[in-house]
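S.K.: Sequence:
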Amino acid sequence: MIIKTCQLLSEYTQRHRFVNKAEHKIKQAGFTLLEVLIGMSLMSIMMLLLFASLRLCVQNWNAGEKKIAQVSEAAIIQNFLQNKLHAAVPLDGDFLEEPQFSFQGSKDELQFVAAMPASAARLGLQLFKMSLIPAARDEQGRQLQIEMQPFFPLGDSEQWDVEPVVILRKIQSLQFAYFGPDSDSRRSDSSWQSDWQEREGLPGLVSIDIELINGETWPQL
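Under my numbering, think of the first position of the sequence shown as 1, with each following residue one higher.
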């Protein structure tokens, strides 16, 4: 009887140890509710930081693309103005309704004659007129407009439609300046002047200062 009782106690003890070990392993393998909540919170913070980083990258990318587009537009306009002004030729417009020298300039308007490249639709000498005009109602600042037409008169069967083209918008200020001798002075000294009217020759240099609405200042041409 005693031996049987001891055997029963021994079996009970072994079973109890086995159950305790199994429960201990289960506790070690699982997570408590607090641990799960902490893990979810950390994961949420990491996802938030990730999306914030992606948003910042997208904003920087868009800003970079916008800046590249602005620089490209500025370079195209600057190259156009430099090339055409460099190719300006001195001519007398005796055949015009108001005879005058081909090059005329003020602080906000400029007129000159230059040749178009062979690849252009319009060949020969062209009369360019650049002027600063008010912007449309839904836009700010002013606009730089350019007109182009053949300098020499065409035949009755040939007509060119003069279509003004706006090449730059949102201008805060624009000023042309001309370097050469003063028309009212007998001295040969040259200086910068705000107009070039009723002259018989081209100025030595032409300067264009442009400032946009957003505060961007173009390099002086």
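If you're looking for bench data, these hints aren't it; they were derived computationally from the structure.
Fair warning: this is a prediction, and the values are worked out from it, not measured in the lab.
Be a bit skeptical, because a hint or two may be false.
Claimed, not checked - Cross-link-like lysine to aspartate or glutamate pairs, in silico, EDC-like; alpha carbons within 16 angstroms at most:
id: 1; residue 1: Lys-84; residue 2: Asp-138
id: 2; residue 1: Lys-170; residue 2: Glu-211
id: 3; residue 1: Lys-129; residue 2: Glu-163
id: 4; residue 1: Lys-170; residue 2: Asp-209
S.K.: Kindly indicate which numbered hints from before are broken by the structure, ordering the numbers from low to high.
M.R.: 1
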